[in-house]
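Keeping the supplied structure of chain A fixed, place chain B upon it in accordance with the hints.
Protein chains in written order, with the working numbering: chain A, 1 to 113; chain B, 1 to 108.
Derived from the structure by calculation, the hints contain no laboratory data. It should be emphasised that the depicted structure is a prediction, and the values quoted were computed from it without experimental measurement. Among the clues, some could well be false.
[To be verified] Residues from chain A shown here face chain B by an in silico Cβ test under 7 Å; the list is partial:
| hint | residue |
| --- | --- |
| 1 | 39 |
| 2 | 43 |
| 3 | 45 |
| 4 | 106 |
For each residue, glycine too, the CB sits at the ideal point set by N, CA and C.
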Amino acid sequence: EAQVTQNPRYLITVTGKKLTVTCSQNMNHEYMSWYRQDPGLGLRQIYYSMNVEVTDKGDVPEGYKVSRKEKRNFPLILESPSPNQTSLYFCASSLNGNQETQYFGPGTRLLVL
Amino acid sequence: KNEVEQSPQNLTAQEGEFITINCSYSVGISALHWLQQHPGGGIVSLFMLSSGKKKHGRLIATINIQEKHSSLHITASHPRDSAVYICAVYRGAQKLVFGQGTRLTINP
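Pulled out of the complex, with its shape left as it was, chain A reads as follows (with noise of 0.2 Å):
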């Protein structure tokens, strides 16, 4: 089954304290990001990657880092968290990201205490 996986699904953790966020996806896409969804303030582009190795900055990059090392995989890294980071996560993916459907992650729920 085509899909986007992230893990773990709920998470409460303290300030400071590192944790990563894992994705996969198994449709041998080129593109993938990572949102955040926070109320009132609805869905925002944190990083993004074309491809293997390429990765750019979206809209709210700050306090987070990404790789791509691998095409399947994009975790999402969080050197020291802090309670602003506290949201609903979602990673998605997309064939080759130019204006194509993105298929989206079951979500991350984050509380940073």
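Frame of chain A, contents of chain B only:
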């Protein structure tokens, strides 16, 4: 002012009614995306549009590039259509900018 504005923010209707959700944008775009977010949080792509009109089942999406406006219509609405509908535009080839969403509730 947001680059992508949706209206209404909330919409409640009775089963069977014709539903229209509007999306206006202020930037030049290459394509527009309609998404559906279920109460459980999952997001599904409904349509990708760069011109004209698309139909899938009871859903119809239209876009007017000159007026920078798109609409999503639902015919013969059903309680299972209750969800948040999100408009998103491609600013350039890779960057996606989202509207705030429209929360639709269809009562039996």
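- Task: Would you pick out the hints that fail for this structure and give their numbers low to high?
- Result: 1
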